[in-house]
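Heads up: the protein sequence lines correspond to chains X and W, in order.
Count along the first sequence starting at 1, add 1, and that's the number in our numbering.
Count along the second sequence starting at 1, add 152, and that's the number in our numbering.
No lab work stands behind these hints, which were simulated from the structure alone.
Keep in mind that a hint or two might mislead.
As the list claims (entries may be wrong) - Here are the in silico distance ranges between beta carbons for each label pair: (1) Asp354/W to Leu8/X: 48 to 58 Å; (2) Gly167/X to Leu187/W: 49 to 59 Å; (3) Ser153/X to Lys372/W: 29 to 39 Å; (4) Lys3/X to Arg274/W: 16 to 26 Å; (5) Leu450/W to Leu126/X: 41 to 51 Å; (6) Lys372/W to Asn181/X: 34 to 44 Å.
Unchecked claim - Over 12 Å on every C-beta distance to chain X, these chain W residues come out as not near it, computed from the model: (7) Asp193; (8) Val199; (9) Asp210; (10) Arg235; (11) Val325; (12) Ile329; (13) Arg376; (14) Arg453.
To be verified - Just a sample of chain X residues kept apart from chain W, beta carbon distances all over 12 Å, derived: (15) Leu12; (16) Leu128; (17) Val160; (18) Gly219; (19) Gly249.
Note that the structure is predicted; figures quoted are calculated from it, not measured.
Heads up, the beta-carbon is just placed ideally off N, CA and C, and yes, glycines get one too.
Chain by chain, the residues:
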Amino acid sequence: MKKYLGLLLTLGVIAVAVAAPWLAPSDPLTTNFARGLQPPGSPGHLLGTDQLGRDLLARVLYGARLALFIGACTVVVTAVVGGLLGLVAGFVERWPSTVIMRLADVQLSFPFILLALTINAIVGLGLRNIILSLSAAGWVVYARVVRGEVLSVKQRDYVHAAAALGVGRMRLLFRHVLPNVAPSIIVVASLQFSQFVVAEAAISFLGFGVQPPTPAWGSMLSESRDFLYVAWWLGAFPGAALALTALGVNLLGDWLRDTLDPKLRV
Amino acid sequence: MRRWIAARLAQTLLVVFLSLTAVFAMVRLSGDPVLLFMPMDIQAKDVEEYRRRLGFNDPLVIQYARFMKNAVRGDFGESLRYRRDALGLVLERLPATLLLAGIAMLLTLTVAVPLGIFTAVRRDGALDHAGTVVTVLGQAVPGFWLGLVLIYVFAVHLRWLPTGGIGGLAHLVLPSIVLAAFYAARVARLTRSAVLETLGEDYVLTARAKGLAERRVIGKHALRNSAIPIVTLAGLEAGQLLGGAVVTETIFAWPGLGRLTVQALLNRDFPVVMAAVSFTSIAYTLMNLGVDLLYGWLDPRVRQRA
Numbered sequence: 002m003k004k005y006l007g008l009l010l011t012l013g014v015i016a017v018a019v020a021a022p023w024l025a026p027s028d029p030l031t032t033n034f035a036r037g038l039q040p041p042g043s044p045g046h047l048l049g050t051d052q053l054g055r056d057l058l059a060r061v062l063y064g065a066r067l068a069l070f071i072g073a074c075t076v077v078v079t080a081v082v083g084g085l086l087g088l089v090a091g092f093v094e095r096w097p098s099t100v101i102m103r104l105a106d107v108q109l110s111f112p113f114i115l116l117a118l119t120i121n122a123i124v125g126l127g128l129r130n131i132i133l134s135l136s137a138a139g140w141v142v143y144a145r146v147v148r149g150e151v152l153s154v155k156q157r158d159y160v161h162a163a164a165a166l167g168v169g170r171m172r173l174l175f176r177h178v179l180p181n182v183a184p185s186i187i188v189v190a191s192l193q194f195s196q197f198v199v200a201e202a203a204i205s206f207l208g209f210g211v212q213p214p215t216p217a218w219g220s221m222l223s224e225s226r227d228f229l230y231v232a233w234w235l236g237a238f239p240g241a242a243l244a245l246t247a248l249g250v251n252l253l254g255d256w257l258r259d260t261l262d263p264k265l266r267v
Numbered sequence: 153m154r155r156w157i158a159a160r161l162a163q164t165l166l167v168v169f170l171s172l173t174a175v176f177a178m179v180r181l182s183g184d185p186v187l188l189f190m191p192m193d194i195q196a197k198d199v200e201e202y203r204r205r206l207g208f209n210d211p212l213v214i215q216y217a218r219f220m221k222n223a224v225r226g227d228f229g230e231s232l233r234y235r236r237d238a239l240g241l242v243l244e245r246l247p248a249t250l251l252l253a254g255i256a257m258l259l260t261l262t263v264a265v266p267l268g269i270f271t272a273v274r275r276d277g278a279l280d281h282a283g284t285v286v287t288v289l290g291q292a293v294p295g296f297w298l299g300l301v302l303i304y305v306f307a308v309h310l311r312w313l314p315t316g317g318i319g320g321l322a323h324l325v326l327p328s329i330v331l332a333a334f335y336a337a338r339v340a341r342l343t344r345s346a347v348l349e350t351l352g353e354d355y356v357l358t359a360r361a362k363g364l365a366e367r368r369v370i371g372k373h374a375l376r377n378s379a380i381p382i383v384t385l386a387g388l389e390a391g392q393l394l395g396g397a398v399v400t401e402t403i404f405a406w407p408g409l410g411r412l413t414v415q416a417l418l419n420r421d422f423p424v425v426m427a428a429v430s431f432t433s434i435a436y437t438l439m440n441l442g443v444d445l446l447y448g449w450l451d452p453r454v455r456q457r458a
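Okay, chain X solo, but in the shape it has when bound (with noise of 0.2 Å):
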């Protein structure tokens, strides 16, 4: 059921960014100030027009792209970043894993959303500079799995074995530890993707991150909220859109790991 679901929604978000370009009525930039607010099932709008007169249903279609695209590339970079951190401060121990794992520590004393929130204000708005916040605030969970499956399989045989055959500690590394560590770095970062998309929003909701007329599911709720009394669904299809994609996400993540790594607490 989990599995179903969680692959129905994810697989039809997907599908959905993808083909954004051939299944919006229009452009989601385009405005057309005499037709605006008009209420979903109008002529033309199958989700109604925003104050200006933009297609809803094109801003919803491009915004799941903006959506997954900054999702995928914060997982990307975070996954390869806090992986390798955390494969170092596993296998070489000693004051590389005290100093990666401090700064582990140092950003964890920082709620997630507040930390991204700061460094997203310092560092600047827009698409580029989401995608570094996110990353800046959220590779240590990699790290720190990483970190505690290296430990462990590490000690397995097969891993001493290799070693008392003259492995080198690369060859080791790369393709006697990491292979059986990947399950838990595809687990974490299919839980971690909801967590991006979902932070990405709430960020762009509270003014920083992607700006306008960007379609961004955050930055649309933030601008509905002057029109909550005469245009519900302004907020109502974006939001809906963004819970069913973090649902998707998270149906598909907690069924990997029930399947991958049932022992992985995140």
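On the provided structure of chain X, position chain W as indicated by the hints.
Structure of chain W alone, referenced to chain X:
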């Protein structure tokens, strides 16, 4: 036990010291910190004056030493917007946030923990399935959207509750539900899995085998042992309420620490940002320390391992 506590305290002090360093480093991340500190539409002569006043012309090491020296005494400078002590502003807003977080926590403990226990005991029952749906949804629906939906339904449409602000009990209902939602959903799931885990232990089997009533098996053997992970996880997660407050307080115009932080970021009032972020970080670290000490007290094995 004493040595373990001392070690944990020393570690916490180190983390606090490093976190303050991180706050200093973050603000220096961007090229010219003065630009962060000043409103956008200010003239060059004021920028120059403030560069001098805030000491940005000094070498970085001296700036760092000065920041740390002042930060330890709780002096983060004067708010550039309100012309008042930055930490004072933070402390002024603290009670509102504590009230909100306290009620969210109370809601969680009275609803989520019993729900988690009950759904674990009656695994695969109707309530378990319903509970799973609710908690999965609770974790997926973003707080700020839930807030907008609740405002639309209960404030705009039904007119039962106010849209925001601080005031009587009615003002507390929506913000505390929104703040609690994600946290409660997570705690309910963690509770359920913790109880399920203990129910599979041998001593529970033994208790059942010797013919104890199910009520005693669960009350005396299972729940006591699952209390440890529940306390730890609930405590560690509680820190995230401070993060959640940032978004929730903004939606409901709740005059707490989170909203102060967002406004200070928007107004480029960086002394307040540094005070608020440092304060939150230290509070968060101390909460984690508290949970750790509690954990060590509940479970002696933790102390020996460390």
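Hint check results:
1. Against the hinted window of 48 to 58 Å, the Cβ-Cβ separation of Asp354/W and Leu8/X comes to about 37 Å, which falls outside the hint.
2. At roughly 56 Å, the beta carbons of Gly167/X and Leu187/W sit within the given window of 49 to 59 Å.
3. Between Ser153/X and Lys372/W the beta carbons are some 34 Å apart, a value that agrees with the proposed interval 29 to 39 Å.
4. The hint said 16 to 26 Å for the Cβ distance between Lys3/X and Arg274/W, and at roughly 20 Å that hint holds.
5. Between Leu450/W and Leu126/X the Cβ separation comes to about 46 Å, which falls inside the hinted range of 41 to 51 Å.
6. Range check, Lys372/W to Asn181/X: about 41 Å between beta-carbon atoms, so the 34 to 44 Å window is met.
7. Non-interface status of Asp193/W relative to chain X is upheld: no Cβ of that chain comes within 12 Å, the nearest being about 17 Å off.
8. Its beta-carbon lying about 18 Å from the closest one in chain X, Val199/W satisfies the requirement of being farther than 12 Å from that chain.
9. At roughly 20 Å, the least C-beta separation between Asp210/W and chain X is larger than 12 Å, which holds for a residue marked as non-interface.
10. The beta carbon of Arg235/W sits about 21 Å from the closest Cβ of chain X, which is more than 12 Å, so the claim that it is off the interface holds.
11. No beta-carbon of chain X comes within 12 Å of the beta-carbon of Val325/W; the shortest separation is about 18 Å.
12. The non-interface label for Ile329/W is consistent with chain X: the shortest C-beta to C-beta separation is roughly 16 Å, beyond 12 Å.
13. Interface exclusion of Arg376/W from chain X stands, the closest Cβ pair being 21 Å apart, more than 12 Å.
14. Non-interface status of Arg453/W relative to chain X is upheld: no Cβ of that chain comes within 12 Å, the nearest being about 18 Å off.
15. Even its closest Cβ contact with chain W, about 17 Å, leaves Leu12/X beyond 12 Å, as expected for a residue assigned away from the interface.
16. Its beta-carbon lying about 17 Å from the closest one in chain W, Leu128/X satisfies the requirement of being farther than 12 Å from that chain.
17. Val160/X, annotated as away from the interface, keeps every beta carbon of chain W farther than 12 Å; the closest lies near 24 Å.
18. The non-interface label for Gly219/X is inconsistent with chain W: the shortest C-beta to C-beta separation is roughly 8 Å, within 12 Å.
19. Consistency note on Gly249/X: stated as away from chain W, yet its beta-carbon is not over 12 Å from all of that chain's, at 8 Å minimum.
Hint check: violations occur at hints 1, 18, 19; the rest are consistent with the structure.
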